[in-house]
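Chains as they are written, first to last, in my numbering: chain A, 4 to 139; chain B, 4 to 139; chain C, 4 to 139; chain D, 4 to 139.
Certain hints may be false.
[What the hints assert, rightly or not] If you want a taste of the chain B side facing chain A, the calculated C-beta under 7 angstroms gives, among others:
hint	residue
1	46
2	55
3	60
4	61
5	63
6	64
7	66
8	104
9	105
Since the hints were derived computationally from the structure, they do not count as laboratory data. These numbers were taken from a predicted model, which means no experiment stands behind them. Ideal Cβ placement from N, Cα and C applies to all residues, glycine included.
4 protein chains.
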Amino acid sequence: MYTSETTIRIHYALTDQMGVVYHGHYAQLYEIGRNEAVRELGFTYKEIEAMGILLVVTDIHIRFLRPAKYDDVITVKTTLREIPLHHKMTFHGEIYDEKNELLNTSDITLYFLDAKTMKRSEMPEVLKEKLFKYFN
Amino acid sequence: MYTSETTIRIHYALTDQMGVVYHGHYAQLYEIGRNEAVRELGFTYKEIEAMGILLVVTDIHIRFLRPAKYDDVITVKTTLREIPLHHKMTFHGEIYDEKNELLNTSDITLYFLDAKTMKRSEMPEVLKEKLFKYFN
Amino acid sequence: MYTSETTIRIHYALTDQMGVVYHGHYAQLYEIGRNEAVRELGFTYKEIEAMGILLVVTDIHIRFLRPAKYDDVITVKTTLREIPLHHKMTFHGEIYDEKNELLNTSDITLYFLDAKTMKRSEMPEVLKEKLFKYFN
Amino acid sequence: MYTSETTIRIHYALTDQMGVVYHGHYAQLYEIGRNEAVRELGFTYKEIEAMGILLVVTDIHIRFLRPAKYDDVITVKTTLREIPLHHKMTFHGEIYDEKNELLNTSDITLYFLDAKTMKRSEMPEVLKEKLFKYFN
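Next up, chain A with everything else stripped away, as it sits in the complex (with noise of 0.2 angstroms):
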């Protein structure tokens, strides 16, 4: 299993007029976990798409039970519960707040993507020497 955490502070712009954090975005929430979660596996995902390689989401699940509000910091953990295979990664997502209370989680599922045939990659060699020591 790979966990990671990173914390954000919600700021104006992801409220709507409920008061709250509006619904549709806290997959930037989550993607922001993502980058964080590749990031300190000690490369990046900018670096991954400089290597021809995309990683597109291809499936969200989002369950919502608690709203997170303005001026909030969350906590986004993003776990990698299973070694992924072949070409595609699900995330699993969990979102805490300051109380360390379950906000939101989630199950993100990308593929990789050959950015110039756009089709299915294997994940690059790379990220799996990094991962793959944590599922031992």
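Take the given structure of chain A and dock chains B, C and D to it, following the hints.
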């Protein structure tokens, strides 16, 4: 079954550097579809809020088949497949491009909340009346 | 002078917890206005990009008179007051509500860039031809 | 003069298909800068709202010198150059990249509004006290 269709032209703000609509923005496209689906029933979501009822998203599941792109005119098809009971509604959504190819599907569940108590509420009677005639 | 009008319905994602459209989202409303203004000339911004020319925003000035609100149908009026010379264009924008009250004004300047060299470029000839007949 | 600096990492959602941060999203970056500038004074914008005072943006002027890009860590520098009088404040903003190159500048004016009457209000006394010591 109740179905409604609306068209949206994709503007630049919805794209990301992959050259397609950012995955996190599809929730907005489906929101526009739901708004118009309710409006075609003969009243508006704004009126529901004015009655002291909030419709809060509790679950989003989005599947990405093909990307929508800048300047595409997409059709959002919003369907209530089953008669909503009690305090929640699940909308099935589909997004098609101009060639009628399916790009994206979703299932989005909302709860009726009483704006004062923030507790679950029944569907307003006026909405029930408008809606139930589509399910006989 | 060249003027174009387009209407937009405000969806929930554009609001913030003040109960009005978030100030940072007006640039998107004006972008939609510019897109449609170019389209009415007989071609599209997408075609300009396909010619290897980027239109890059270099200056935004927006004045907020009255707020736009959820579910409002606003009219974005986009005007080229002067014939654009060389490498830049300034669009004047106005947003009106359904009672024709002025809500917002803007002046937004864009530069033509060559997508390969990323240096300033002249306005494409086809755009000049379409546009110049409005300024005699 | 009162100045505050905060850093932000650019996530994918902020980019557009030109491969840079979408022009309309800079207002959000400056909003985050203002939030942190107020927080460093020793209280929060959230507390101002809780006092029944809204800070409403009335004028935005943004100049784009160089684009910010995905995964860049930018520094937003927020400055009050003059002591704010009566009902409005103008924040000068500057955005720098990691090499300390200036990417973007802004002048953003906000009015204090009474949340009940929605009429102009004076700056709250607590904010005046915190702020005025920087202008002697």
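Are any of the numbered hints broken by this structure? If so, which, sorted upward?
Violated: hints 1, 2, 8, 9.
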